[in-house]
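Peer 1: The residues making up each chain are set out below.
Protein chains: 2
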Amino acid sequence: MQKRSETTRTNILLSAVGLFARYGYNLTGVAEICTAAGVSKGAFYHHFSSKQSVFLAIFNDWMNLLDQQIQSARQSTETVPQALEKMLGLFETVFLQAGGYLPMFLEFWSQASHDPLIWQVVIEPYQRYRRYFTALIQEGIIEGTIRKIDPQIAASTLVSLTLGLLLQGLLDPKGMDWVDITRTSVSSYLQSIYIEKSEN
Amino acid sequence: MQKRSETTRTNILLSAVGLFARYGYNLTGVAEICTAAGVSKGAFYHHFSSKQSVFLAIFNDWMNLLDQQIQSARQSTETVPQALEKMLGLFETVFLQAGGYLPMFLEFWSQASHDPLIWQVVIEPYQRYRRYFTALIQEGIIEGTIRKIDPQIAASTLVSLTLGLLLQGLLDPKGMDWVDITRTSVSSYLQSIYIEKSEN
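Residue numbers (our numbering), protein chains in the order written: chain W, 1 to 200; chain R, 1001 to 1200.
Isolated chain W, as found in the complex (with noise of 0.2 Å):
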């Protein structure tokens, strides 16, 4: 059972993320999340300094969870190219997650693009993630499943990809069949880096 401190935080997060979804970021303040939460002001301040902390919050959650789920593809797989193609599979999940949030997610952005500190945290998965690829790459080389590329470039370039598509996604969703494009567009990149069976 979660403690009663940890309910009160994980109310706060879903009513937050309701009403931001619903109404906007700009448009929520912290009195109308209190009363979707049925929490008074000082439970929410003893958890949160503001609303932006809560929207942080939100973020580094999704984030966590994100990571913890691209650490076990990796643990669940023997090669590099098993692990991608399972990290393919969850960035579809997150793409059909994604589709209701991009409004909360531009004006939280824009606020946030004029103060260095809140910027440095909302930039900070897409370096780790740069960093994460870089490294995956750089193993499926020594053990002879990928081709000798430069491996910074080709976690940069999946990253790019990935990022790129998820936004196209998300500013025109009728536009295309993303989820299909995703599949097929990153597998055939992958399929441009793996060395094939034939050629070990």
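To be clear, the hints were calculated from the coordinates, so they are not data collected in a lab. It cannot be assumed that every hint is accurate.
What the hints assert, rightly or not - Pairwise CB distance ranges (calculated):
#, chain 1, residue 1, chain 2, residue 2, range
1, R, E1124, W, Y45, 43 to 53 Å
2, W, G18, R, T1079, 47 to 57 Å
3, R, K1086, W, M63, 32 to 42 Å
4, R, D1150, W, I149, 22 to 32 Å
5, W, A36, R, E1124, 28 to 38 Å
6, R, D1061, W, L14, 36 to 46 Å
7, W, K41, R, Q1052, 28 to 38 Å
8, W, L96, R, V1179, 26 to 36 Å
9, W, A36, R, E1085, 49 to 59 Å
10, W, A21, R, L1117, 19 to 29 Å
11, R, Q1068, W, L14, 43 to 53 Å
12, R, K1086, W, E6, 50 to 60 Å
From a predicted model like this one, the values you see are computed outputs, not experimental measurements. Backbone N, C-alpha and C define an ideal beta-carbon position, used for all residues, glycine too.
Once you've looked at the hints, dock chain R against the given chain W.
Peer 2: Just chain R, lined up with the frame of chain W:
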């Protein structure tokens, strides 16, 4: 020589872009734009119905310029791969120009995401670029310089990759040499879809 009316319009656009980049979209009003451009409110409303329509005019002017450059890149080259390489050079220029404008775009997008009509204007260029590159890649397949891939998937990959690189470069300008990463990663994707000369 430009007509006086065109000069006024250009003055308004240049003043607005400077104010939007410096103070943000939300904090800039029609009054500030008129003062900076040295025009009356009457003259302003002769050309534009609102601050939003000034933003859309700036956006459309940029997109039209890029369209002209893309078309002239195609006209001055013989094969599709030659045209694609020339367009890659253009993208580096877009990259360097876009640098200071991220906060302005984020603020405008976050407003536009609540308004389906404006949103359509915002996403139209992505749809257009996808169609353009789908046709160009199809042309390359016919002329025998590009492999028999799905042109729509390849076009989406190309647009997503460049959009993702642009976004990462804007989010995290000091994280990497983005112009170099762009050149290398788009080039390596293009190499993977070309038919090598020895195969011809």
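Peer 1: Please go over all the hints and tell whether each is borne out by the structure.
Peer 2: To see whether the hints hold, each was checked on the structure:
A beta carbon spacing of about 45 Å between E1124(R) and Y45(W) agrees with the range 43 to 53 Å that was offered as a hint. Distance hint check for G18(W) and T1079(R): the Cβ-Cβ separation is about 53 Å, which falls inside the suggested range of 47 to 57 Å. Between K1086(R) and M63(W), the C-beta spacing of about 39 Å keeps the proposed range 32 to 42 Å intact. In this structure, D1150(R) and I149(W) meet the distance hint of 22 to 32 Å, their C-beta atoms being roughly 24 Å apart.
Between A36(W) and E1124(R) the Cβ separation comes to about 37 Å, which falls inside the hinted range of 28 to 38 Å. At roughly 44 Å, the beta-carbon separation of D1061(R) and L14(W) lies within the given 36 to 46 Å, and the hint holds. Range check, K41(W) to Q1052(R): about 36 Å between beta-carbon atoms, so the 28 to 38 Å window is met. Roughly 34 Å separates the CB atoms of L96(W) and V1179(R), a value that falls within the hinted 26 to 36 Å.
As the Cβ distance of A36(W) to E1085(R) is approximately 54 Å, the hint placing it in 49 to 59 Å holds. Distance hint check for A21(W) and L1117(R): the Cβ-Cβ separation is about 22 Å, which falls inside the suggested range of 19 to 29 Å. As the Cβ distance of Q1068(R) to L14(W) is approximately 49 Å, the hint placing it in 43 to 53 Å holds. The hinted window of 50 to 60 Å between K1086(R) and E6(W) holds, with their beta carbons roughly 57 Å apart.
Every hint from the earlier list agrees with this structure, and none is contradicted.
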